[in-house]
Every structure is written in C-alpha cells, then in structure tokens.
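Chemist: Take a look at the letters that make up each chain.
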Amino acid sequence: MSATILALPDQSTARIPKMNYLSKENGLLSWLLTGDHKRIAILYLISITFFFFIGGSLAGLIRLELLTPQSDLMAADTYNKVFSMHGLIMVFFFLVPSVPATIGNFFIPMMVGAKDLALPKINLLSWYLYILAGGLMLYTMCTGGVDTGWTFTTPLSTHYLNTNVAGAALAVFVAGFSSIFTGLNFVVTIHKMRCPGMTWFRLPLFVWSHYAASILMVLGTPVLAITLVLVILERIAHIGVFDPAYGGDPLLFQHLFWFYSHPAVYIMILPGFGVISEVVSTFSRKRVFGYTAVAFSSVAIAVFGFFVWAHHMFIMGISNYAALVFSLLTMLVAVPSAIKIFNWAFTLYKGSVTFETPMLYAIGFMGLFTIGGMTGVFLGSTGTDIHLTETYFVVAHFHFVMVGGMLMAFLSGIHFWWPKMTGRMYPEKISQFAAVVTYIGFNLTFFPQFILGMLGMPRRYASYPPEFQVLNVFSTAGATVLGVGYLLPVLYLTWSLKYGQIAGNNPWQATGLEWQVQSPPLSENFPEIPIMDHEAYDYEWLDRQQAKEVASV
Amino acid sequence: MSDSTAIDNNVAAATHLEHPPYQRHHFETIAQQFDATNFAMWLFLLTEIMFFGGLFTAYLIMRNWYYPAFVEGSHYLSIVWGTTNTGVLITSSFTMAMGVWCAETRRKSGLILCLVLTFVLGIVFLCIKGIEWHGEWVEHHVPGLNYSVQNFVNPASNPEVYAEYHDKPLGADMAVRTEEYFFLYFAMTGMHALHMIVGISILVFMIFRARAGAYTNGHVTFVENFGLYWHFVDIIWIFLFPLLYLISRHG
Chain A
0 MSATILALPD
10 QSTARIPKMN
20 YLSKENGLLS
30 WLLTGDHKRI
40 AILYLISITF
50 FFFIGGSLAG
60 LIRLELLTPQ
70 SDLMAADTYN
80 KVFSMHGLIM
90 VFFFLVPSVP
100 ATIGNFFIPM
110 MVGAKDLALP
120 KINLLSWYLY
130 ILAGGLMLYT
140 MCTGGVDTGW
150 TFTTPLSTHY
160 LNTNVAGAAL
170 AVFVAGFSSI
180 FTGLNFVVTI
190 HKMRCPGMTW
200 FRLPLFVWSH
210 YAASILMVLG
220 TPVLAITLVL
230 VILERIAHIG
240 VFDPAYGGDP
250 LLFQHLFWFY
260 SHPAVYIMIL
270 PGFGVISEVV
280 STFSRKRVFG
290 YTAVAFSSVA
300 IAVFGFFVWA
310 HHMFIMGISN
320 YAALVFSLLT
330 MLVAVPSAIK
340 IFNWAFTLYK
350 GSVTFETPML
360 YAIGFMGLFT
370 IGGMTGVFLG
380 STGTDIHLTE
390 TYFVVAHFHF
400 VMVGGMLMAF
410 LSGIHFWWPK
420 MTGRMYPEKI
430 SQFAAVVTYI
440 GFNLTFFPQF
450 ILGMLGMPRR
460 YASYPPEFQV
470 LNVFSTAGAT
480 VLGVGYLLPV
490 LYLTWSLKYG
500 QIAGNNPWQA
510 TGLEWQVQSP
520 PLSENFPEIP
530 IMDHEAYDYE
540 WLDRQQAKEV
550 ASV
Chain B
0 MSDSTAIDNN
10 VAAATHLEHP
20 PYQRHHFETI
30 AQQFDATNFA
40 MWLFLLTEIM
50 FFGGLFTAYL
60 IMRNWYYPAF
70 VEGSHYLSIV
80 WGTTNTGVLI
90 TSSFTMAMGV
100 WCAETRRKSG
110 LILCLVLTFV
120 LGIVFLCIKG
130 IEWHGEWVEH
140 HVPGLNYSVQ
150 NFVNPASNPE
160 VYAEYHDKPL
170 GADMAVRTEE
180 YFFLYFAMTG
190 MHALHMIVGI
200 SILVFMIFRA
210 RAGAYTNGHV
220 TFVENFGLYW
230 HFVDIIWIFL
240 FPLLYLISRH
250 G
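So the sequences go chain by chain: A and B. Taking numbering that gives the first Met the number 0, the leading residue of the first sequence gets 0, the next gets one more, and so forth. Taking numbering that gives the first Met the number 0, the leading residue of the second sequence gets 0, the next gets one more, and so forth.
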C-alpha cells in the first residue's frame, strides 16, 4: 500500500495559478448567471450534496424505526411518507444528476477538448430547473409529504391518498426537464464539439458512458413527464387512463412509468461505470483492457435497457409469454455489465496497481456492483422473482447497485478529480479510512437485508415479526457506520479547500486531456484548442511528453 | 471530422478578428455553432416525440378496449372545423418555411410578413380550437367538469348527429367510457394547443426582433430552429386529426 503514483509539485514553491475559473469573477451574481460548465458543475455539486444529506437523514429515520419490531418511533403512515420522500429525493435529486451533472458537466467538455458544453445557457437553465424542482419537493415535504412510494403507483396515487401527490409529481416533472436538458447538452457536445483528432474511439470511456446515459435521459425522461402529467390530471379531473374505477388501466401506468424508470437506473449507473474506467486505468497505469468492448457495452446497456421494463411487473398480471421474453431480455443486460467488470479486472492484471482513495472506492464498487448485478439476475428470473419481489431482497439488490455501485463511483470520482477541480489535494490517509469505513458500513447495512428478504420480510412496513429483529439491528448499526463514512468526506474535503496540498497539473500522472492543463483550469479550459494525436489511455505518450518537458527545461 | 476540422481551425485562427459578432465564444467556427444548435433542436424534437408518444400509446390502447365508445365519441367532433384547422396549420407551416427562406436570403420585410402571417394563422387555429372546445362544453362533453353520457345512452337526444350516423345506444358500461375518449381528446389537443401557445409567444418575440433587423444579417439559426419546432407541432396535429376525428368514423 505504500507505493503511490502521486506526483505533487514542490510545496514550498508551488502556487495555485492566479488566473483560473474560480478567480476569474467574484460575487454571488457571477455564479448565479454563469455560463461556465465548471461553475455550474460546482453549483450542482453543492445542491446535490444538500439533497443527499436530506435523503440520508430520512434513511436514518427509516433505519431507526426498524430497530425494533413495533412501529414505535413513528406512526405507520408517517413511515410511509418518510420512505417515499427518501426514495424520491435520492432517485431524482441525487442519483440521476449525481455524476453527470457534477463530474460530467465539469469534465466532458475538457475531455473532448472543447471550451464549454455546446449550450451553456441551457446548462444553466437545467440547474435552475433542478433548484425549482428541489424547492417544490421540499415544499411538498414540509406541507405533509407524500406516501405513494417513489413509484407513484396508481390507483393508490390517483384515488386513495390525500397527501400532496400532485406537488411531488410536479417536482419530479420539472426535475425531469433538468435531466433532459443535461442529456441533450451532452449528446450535442460529444457529437459536435470534439477537438481536431478526437475521433470517437479516442474518447475517454467516461465520455462513452455519459453518451449512453444521455441517450437514455433524452429518450426516456419525456415518457415519465407525460405519465406524471396524466397522473396529475387524473387526480384533478377524476377522469383517467390509469384508475380502473374510471375505466383506466393501472397496468398501463406501470408500463409507461417503468419505460422511463428502468432505463433511469442505467442513467444512474452508467456515468458511474465511466468514472471506474478512468480510475482503474489511471491507478493500474494501463490502457483499459478491451477499450472498444467497454465502449460498446455502455451503448449496449442503453439499448437493452429500453427493453426490460416489464420485469418490474412479473406479479402484476402481464401475460406469461411477456414475462418470459422480458426475463430473457433482462438477463441479456447482465452480459454487457459483466463485460465491463471482466475488462476492469483484466486491466488490473499485470498493471502497476496502487491504492489511493479513488482506487479503493473503485475496487469497492467492483465488488458491490457485482453482487448487486448478480442478484439482479435472481430477480430477473420469473420463478425466484415471485418469491422475492416486494421483499427486502429487492431493497438490498438496488441499494447494492445504487449505493454500493453508484455512490462509491461518485465518491471515487470526486476524490479522483478533486485536485483538478480545486487545485488542492484531499488528505490521503483519512480519506482512505473513510473509504474503508464506507465499505464496511455498507455491507453491514445491506447484506443482512438479502437474508431478510429471502426469509420473507416485506418492504415498506414500519413493523415486522420479532424474529427478524437481529438482522435489522445489524442493518441499523451498519447504517450508523455508513453515515460516518459519508460525513467524513464532507468534512475533510471542505478542510482541503484551504489547507490541502497544492496539486499541480497532473498529480495522478493520468493521460486525459483534462490533466494536461493547469488546476484549477482556465475559464476557457485550454489556452488553445488541443489537437488529439494519440489514443486514449496512452501512458507511453505521457512519458514521452514528460521527457520532452524535462529536456526543454 | 478530424481533418476537415483541423483545416477549419487554422482558417478560423487566421481570420480570428473576422468572426461574425453572433458567434459564441466557445465555438471554433460559425459552421460548428450552427451545426450544434441545429442538432440540439432535432434532439429536443425527439424528446417531444417521446413525450407525445406516451399519450398516443394511451390513446391506442384505450381505443382498442373501448372501441364503440371511441367511435361514437368521435361523431361529436366537427369534421368541418377539424379539416379547416388542418388547412390553417399546414398553411402556417408554409408561411413559416417561406419566412426561413426570407431570412436566409436577407429579405427583411418578407421575413416580417411571413412571421406575422404565421402568427395570425396560429391565432386562427387556436380560435377555431376554442370554438370546438366551447361546442363540447355546450354538449356536456368536458370530462371531470361538465360531462353527461346522455348523448350515448340515448343517441336520439342529439337529432343532428343521430340523423347523420344513426348511432346505436351504448350499454351503460360502455357509455361511461366515452368520457375516456373525451379525456384523451382534451389531453392531446390541449397539450398540442399548449405547444402552439408557446410557439406563438416566441413568434411575437421574433417579430419584434426581426423589425430590429435580426435574422436577416446572416444569423438565421434561431429562425431555422423555430421553423423546425413549428413544423413539428404541425406534424403532431397531422397525427391527431385522423386519430381523433377521422378513423372508423363510419365504422
């Protein structure tokens, strides 16, 4: 563990460059009216962190309630509201924008060699839409909340509940447009803004995975939007297409909702794959094994992802033939996902692996995502699904993918690019400690839930039979550890803004275009538009480049 | 893209001071700017297709389920107004296309004329739509607010429509499904009208800008992209019209 690739400039002489995107203009207005993708990324980073901790506190309340078998901390309907708000906030206000709107926003233009995203004003608009949606959601929460679960299941949401469903649906509708605009911006940027020499197969895999995720955002989110419009209309006009009492079809709602919401899980995880590709390559000093396969597997996940939605509906009365086909298609998604995992593993093989914090998170990701993905195959097979659906097995499965996978990837990426974003290093030892704490806390929280699910504990209840208590206590204890693991980065990253070591241009000796410029970068990213004259992850090119610099000095 | 852009770059670098004023700082060439914004508009229209796609899916499924109700419901829509409106909208697409041509060939007065005509035709469309909606209100065909199945359990209650189609009375369970038809009718035409209103508002903005000399200075991106949007809204109507008014009307 002592080996490191970290190469920092001499701290006694190093300075943060005077001209950079942070110092260019001052004052609140210069931030609120900015068109700079890097500043918008920072705005997003602050906002999603805020929502993450709101969603996280709600998760804490859930785990506290489940410490005992009786529903004693809160009433059953309060519990319903708490887990619904937890789901809504975490899915739409943290996971969907997490990596794309922060790291993606910051680095995609730099990785393709452009000065900005293609549509800077639309980019700012998407942040304002996010804030508007977030405000609406908080308003909904403060005025009684919503207890439909994050899925707005009809006719529960349209007929039976008196909570503020319309407010929550409107918030998600607006957040959806924020996500559409982000995706649209990325697709246009990746198509039209690449610098000379930057062919498709020289793009970093981070860009490829964001491309795939953006396609999903652009094609999927509008369907969610119209579905929510219909839900709102149905509540207001009491006429509708989803509520059987009014002649509607609740299954139609499920089809339309999951047509977005299944691809949405790939919107959440694909950008994470991108982060892992960058990190694994950088900390193994090797080109990602099977670059083309990894690139295409992102696209394949996006394509297959659109044809698996009905696996959320195996017990809802779709035909057996449909279930059979969707089951098969679901297992097909496992293939490109496995290609990625195997290729990362082969990248490690005979690489010069070092274990800085981003790599620790990345390795955590690979393990946890593999477990999450494999249990997805269990749920994709119709037989086991009937036993496991609506139990804690499902909860554990998607938390392994979303929290163990995506959140690990997010933290990995934040640590990896932190020196580039701020010009300063995070403290290494304590962050390694935080990574390990997160890993332990995560497993302690969610692994018992697999067992609980197998034993038949249903999700979404405030109380449970006493024989499940031991495992629930483990889970709650784990959540506490996990909470510490998430709080630590906020503290030491904030600390590092002032006291961190000066990072220099390229502390990780990484090959991406973003690492070849100063940290933090100039407002226009590059002094002049770069020309890409080598493949992605070409470490020999980097060595030659550095040799040249030394020679010229 | 690599080589050609590399050359473009050099040209751009050499002629840096000759950038047109409307070129945004982060684009290398004006061609790239045009390309990117145009592509973005097409992508946006793709999201709009997906948005309306949800509605169309719901309509087709409901139509299959409650076929008799949907057929008899459609008898209460006015073919005359519907056809007129289709004509109005197609004409407005023509004037919009002419507007784009005027902008490209730098004809300022022609552009203003075309935009004003498009604006007027858009308003005419909305007025006709309003007349139709008013008719539905009078007939008690507005779901949720003012709805009665009278016309469908007893078709003779509306002699005019009865004389033309000789509708058979629907059973009570099917008659209530006509409300489903009208709900989707209002949702779809309403969503379409909302897009028209957005388009018309942008048209007003463009007319003022055009009078100030914008769009005829070689920078036509905005007019072009708006044209795409306007044609798209037109095409949505081209699908709505047969689905809601025409198919199986005599079935």
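Keep in mind the hints are simulated off the structure, nothing from the lab. Among these hints, one or two may not hold up.
Where chain A lies over chain B, by a calculated footprint (3+ residues, C-beta under 8 Å) [unchecked claim]:
| id | region |
| --- | --- |
| 1 | 28-40 |
| 2 | 51-63 |
| 3 | 164-178 |
| 4 | 200-213 |
Under the rule of at most 25 Å between Cα atoms (straight-line distance), these lysine to any residue pairs were calculated in the SDA-like manner [said to hold, decoys possible]:
| id | chain 1 | residue 1 | chain 2 | residue 2 |
| --- | --- | --- | --- | --- |
| 5 | A | Lys-547 | A | Lys-120 |
| 6 | A | Lys-120 | B | Met-40 |
| 7 | A | Lys-120 | B | Glu-47 |
| 8 | A | Lys-120 | B | Lys-128 |
| 9 | A | Lys-285 | B | Gly-86 |
| 10 | A | Lys-120 | B | Gly-212 |
| 11 | A | Lys-428 | A | Gln-10 |
| 12 | B | Lys-128 | A | Ile-235 |
| 13 | A | Lys-120 | B | Glu-223 |
| 14 | A | Lys-120 | B | Pro-168 |
| 15 | A | Lys-120 | B | Leu-227 |
| 16 | B | Lys-107 | B | Glu-47 |
Note that the structure is a prediction, hence the values are computed from the model and not measured. Idealized CB from N, CA, C, for every residue including glycine.
Chemist: Are any of the numbered hints broken by this structure? If so, which, sorted upward?
Modeler: 4, 5, 8, 9, 14, 16
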